[in-house]
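**Q** Chains as they are written, first to last, in my numbering: chain A, 13 to 537; chain B, 36 to 373.
Derived by calculation from the structure, the hints in this document are not laboratory data. The C-beta atom is built at its ideal place from N, Cα and C for all residues, glycine as well. Heads up, some of the hints might be wrong.
Stated by the list, open to error - Only some residues are given here: those of chain A computed to face chain B with a beta carbon under 10 Å:
#1 Phe84
#2 Glu96
#3 Ser455
#4 Asp459
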Amino acid sequence: MKHFCQLFTELDQTTKTLGKIKALIAYFEKASDEDKLWAIALLSHRRPKRTVNATYLAQWATEVSQLPAWLFEESYHVVGDLAETITLVLPSQYEPSDYSLTYWMDFIRQLENKEVGEKKELIVWAWSRLSESERFVFNKLITGGFRIGVSQKLMVKALAKFADVRESTIAHRLMGNWSPDQNNFQELVYTTDEADISRPYPFYLAYALDTPVEELGDPSEWLAEHKWDGIRGQVIVRGRQLFVWSRGEELVTDKYPEFEVMLRALPDGTVLDGEIMPFKDERPLSFNHLQTRIGRKKLSQRLLNEVPVVFIAYDVLEYNGDDIRDWPMVERRRKLEELCSTDGKVLRLSPKVNFASWDELAEERQRSREYLSEGIMLKRFNSIYRDGRRRGDWWKWKIDPYTVDAVLIYAMRGHGRRANLYTDYTFAVWDDGQLVPFTKAYSGLTDEEIREVDRWVKQNTIERFGPVRSVKPQLVFEIHFEGIQRSTRHKSGIALRFPRMARWRKDKNIEEANTINDLKALLEV
Amino acid sequence: MELLTFTDKGIYCPEADVHIDPWKPVERAIVSHGHSDHAYPGHRYYLCTSSALPVVRYRLGEEGATFQALEYGEPIVMNGVRFSFHPAGHIPGSAQVRVERNGEVWVFSGDYKLQDDGISTPFEPVKCNVFVTESTFGLPVYKWKEQSQVMASINDWWNTNRNEGKTSVLTGYTLGKSQRILRNIDLSIGPVFVHGAVDSVNQIMRSQGIELPEAPRVTDDIKKEDLRGALIICPPSAVGSPWMRRFFPYSLGVASGWMKLRGTRRRRGADRGFVLSDHADWDDLNVAIRATGAERVFVTHGYSEIFTQWLNTQGLEAREVKTRFEGELAEMAEASTQ
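Pulled out of the complex, with its shape left as it was, chain B reads as follows (with noise of 0.2 Å):
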């Protein structure tokens, strides 16, 4: 029987009857991050990394579950199988997941990237046999710029919006993307302001130790003087909602990996479409996958179909797989209303 197996609910472990993020109530899930396409309600218990838990624990409510929690690299042995959780480099607390039975190792990567972002702790590859990646930006079109150079490129625009008296409002992922974001831009241009959910996870993160620069949350008391000129760092979906009327005049950005293709960025009518993905870009997933040294690889979320197909040609054993994991299209679709 295989380690890891592929079923209608998630990725399975006959052997240790446990799910790698399941997207169907299971009776034990081990999440790789709080994402809302890896990390879903309704399981009894969950494992996850400690530094992953507060905010798993904060999206998914407590109401009859178990939550525990693993430092990465140290290990938990379920019937005779060994779990452990590696740095995953996509977002504070992400792991990949380690599982090991007699010498056979298997390694399921959730969602990934090599880019040190500085706020995540950095991705760290891990020697194994069948390798289990996501594709998200699996096509050779997808390569991304060193972040010094996408966030002086922001910097610039918030500048020169500031100058001309327009505020700038940044849409990214609540969790994660704006994390990043609020931690590697130029605190000097001006202050930044943050929606209620960003405002959220970034008050979880904060009590957990991670460091990151005050931000207050937008609230009908702050007068509209005091935002102008300012950055806005809020959800995709905050875009077109009535929510969006105080800050007028303002210059729309959008800080994403599919802001790479002009088509995208044109449909997203944003003024400037920035790319920064807590993705892997197409060069980075070859080294990744090259870097653990497996023979086999399964190919989940993404381009899957074409990147298999690459990698089979590259001498690897690829499969394509079929899951519910969105990457960053989930990313980019999720409700403010967290």
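Chain A extracted, bound-state conformation (with noise of 0.2 Å):
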């Protein structure tokens, strides 16, 4: 544990990648394999199910502490953190002890089984062993929600510099089921053999267009498709086995049955990248009806005809059971096609956009509404298919979104690195003379600016009710947003997608705020 606290203790020191890297080899060169294994699970989100309830953890903590339920609930408020806070109340006596991140895991795993006293005791005795660094990396282990500040991509280069593979060799290793338990270090990093047929390649992903659209050259070296707003997926036929992978590495086979026929559709060794998209009557749905399909254990039939999905297929991974990413985008499409033609219900091929010049582009962009499109993808014809987010091949060029402007009437503390700042805040509109709360945004303003408002919040509070305050209707913000929907559950009785703050607009008092009205104008779009 004292090798691992360290690594989390350094990652969580640096900002630069290269300090993070650095420590991530230092430890991959200190650590036991089982505890490398571990490691490596914990930082490409195979995290152990949670085996105690935050609420008992908190309780706990609370009563170890001395404190008031009411003080613990405070300081859970100000520090946006529960397994941060719990480290930070309890007694700061503890008995050095020694064991390794990998007993540590078993130790959280096994008390999945146990009674509610029993492991209240264990913890309260690990809590007695552990230095404060080493109790917070422990009580993030259990609480789940261990963000260690590094991404997949960058352990992944660790990992390959360190055992000495290639990063792409090591990104596709790691995709895929595998767990500390079935699995070891060696045979996980260094064998070649592809005994997992449900593995998946790592994603790429583009960045949104940051210049101007002719700057990227002549239009006839690209390929133009719509972005369609549904699940980013793989679809792998092996062993005449279907698979269906989401981006978030998660295996979601099951959760769309209509799949099934693309293991007719498809010859064995094919893989597919694509986009998981609900779509009825010759029309894709929004968002929100895959929505309602995503958190359901069960799918009951009226809800599979209501939504059905599709698969809109962007690319071809493997072919024949060869790896063809290097082929040039031109003739993996002509493949895709191909392979796109015998089914043409649930998958289907992702049209091209056609366009001769970059202002043709841009009239249809600006049409991708109508479509429920976000915008446009812009693929080089000669590219590759590489992994993971780069820049230069790929472009996505999303639609401009809406606007509203808006007054900030509530606002709460935030959390992580946003802790005891007042960062998550509601936004009114006005209808009838009245604000009225229509959405809430968090994202979007600079440090200077959360300082700022935070400040503000602090002198304007008119009420507090726990980690909210309502405030002096007096700020007004931009709010942008992708998407608007009539909504059952929301008082104002719409909905938005990725509402998020656009800007400060210092230069408008209240009144010049938007209506309600405007919003539901926007709805008949």
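Using the supplied hints, reconstruct the complex from the two chains, each of which is provided in its own coordinate frame.
**A** Right under this line is the structure:
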């Protein structure tokens, strides 16, 4: 645990990529193979499931630290992180111990089948054996919210360097189904045998286009398609079995029974990249529809009828069992067209957007909303399929967002790096002379603006309700969002997609904010 | 009538017609220490400790105002009300203000800490009936480590940076924190330079007899090679300014009580956060309040609402009061252009 804790502290202390890679390599050099494997699992979102309820943890920490429950609660609102709050309120004294990361991971997992009383005893014992920084890591491991400030890409980079294996190879080997219980470090990192037939490829992700589109050069070198607003996914057919992966590296085959037909439509040894889209009567449905399916354990026939899904294929990564990611796109696309020609209902080819000039494409992009698309994807015809987020060959060119001017009426303390600051805001628009809340937004302001708003909130509070404060209606913000839906769950009757603060309109007073009717008018579009 | 009242100008003693740490211009002001949220300009008459006086005078200018100073414990009587200063341990010269009339004693804490920082006159508990306390870190998540441990980690960081050919830039408030660091750092590691704003305060403190090690001011004449591997002490506001360019490559450290929270550390964008505060932590706030023996407590700046509620559950009669004091917030935000 000491090494892992040191790794965590070092990763936390540096904002620089090189420093993080250095710290990771140093850890790989010191840690046992078992521990390395756990570290890799934790850094690639393979956390064990929660074995202790967070409410219990808070309760036990409150008892051990002899604080009233409300004071623990208030502390939590300020700190913005349960694991950290527990760490900080517990008495500083401890008896040093030297158990490994694997020991603690097993410790946490074996709590699952224990009685509450026994869980408590074990957790309290663990707290008494760990230093403040170890305790924090331990609490993070139990509460499951383990974000360590290092991307999977960076970890892969460090591991590749340490193991002297190509980065893309490591990235691929770490995809798919493995766990520290079933695999060991040597076989995971060094074995070339592709035993796991479900293993997906790392997704190639595009950056948003941040220069004028003309700077991409000759339009004839680029393929344009719509950017669909569903769930990016990979469909794998190997050994006469179908596997569907979402971009979050989750195996979601069971969630989309419609996709069974692809087992017949596609030959063995095929991997497609595409979008899982709700689609009905030859038209895409909005993302909200898909959301009604995501969380469901059981899919009723009614839901399947109401929100059918299709797979809109963008690319083919494997054909006849061969990795063809380094073929130029134009050739992969030809292969893809061939593969998609057999079904046409559930498996659909992502249509090309034809254009002769950038102006023409810009016009087409303006029409994106009519198709419920988020804008245009641009891919260079000769590009290979790379891994991770890269600049240069692929770009997303999203449509301009909707915009509304709204008044800040509630503020809540944030979490993580925004702890102890009022960063989570509720906004209102006018409805018949009243300000009615219609959306929350958390992002878009600079750190400096956040500090300024935070200070303002503290000085202009009307009332406090726990972590939330109602504030004097005075500040106006320009809110951007990607979509708008009727909603019965929200008082305002509408729900926004991806709302964020685009600008603080210091030049506007609250009378100039928009009205609910302005927003409702957008529903008609 | 209460001995002290809370007005929109500051804390006021009606009987003696004098304000304590007022934030709006008044006739007569008693000032607990030189930080800008306590020592405002514009008053006609200032009273502070003799060890705070040089800095207060320097910061406020002296046109038109009268300054008077007292030693710790030395009383002054105004219309039958007896005032005296007692060490608050916050920064050199900082004081609690004791106010007494007919045997009734009130103490205004100003900003304070119980830890001995090796440079300020250590905090002295003063018995009173009513205590006016700050609550900057009045939450049980704020608990400080021993100063020696914090200094050791600063030394380690500096040493590592130096071995890697990097300069160590450490931010801390100009008045108090900077001198505390300078006084306690391991000078055998390498040379220390300070920002101009810090140097001005250093010079004033040296001239009043406070011992501070040599630490030249960073000027344009100093060669870049001489700064390499050195420790630079500067105010937080210097970060991000062109002044910083000369130190490249450097590691940035922040010394503040707020660094206790991971969120704040990450938000600062610094390479390292050191939990070093000139305010009392949770445990020490409670210890200090108990030690006064006060039955009534007024809680000023900080987590005042929560801390007040806590004190009420502890059998004290506590009330929250709104002031313009900002504690360590002001210290973080203060401009370097002093």
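**Q** If a hint holds in the structure, say so; if it doesn't, say that too.
**A** Tested hints:
Taking 10 Å as the C-beta cut-off, the interface hint given for Phe84(A) holds, the closest approach to chain B being about 8 Å. Here the hint on Glu96(A) is kept, as its CB sits about 6 Å from the closest CB of chain B, short of 10 Å. Interface restraint check for Ser455(A): the shortest CB-CB distance to chain B comes to about 14 Å, outside 10 Å, so the restraint is violated. With its C-beta approaching chain B no nearer than about 6 Å, Asp459(A) sits inside the 10 Å limit, and its interface hint holds.
In summary, the structure is inconsistent with hint 3 from the numbered list given earlier, while agreeing with all the others.
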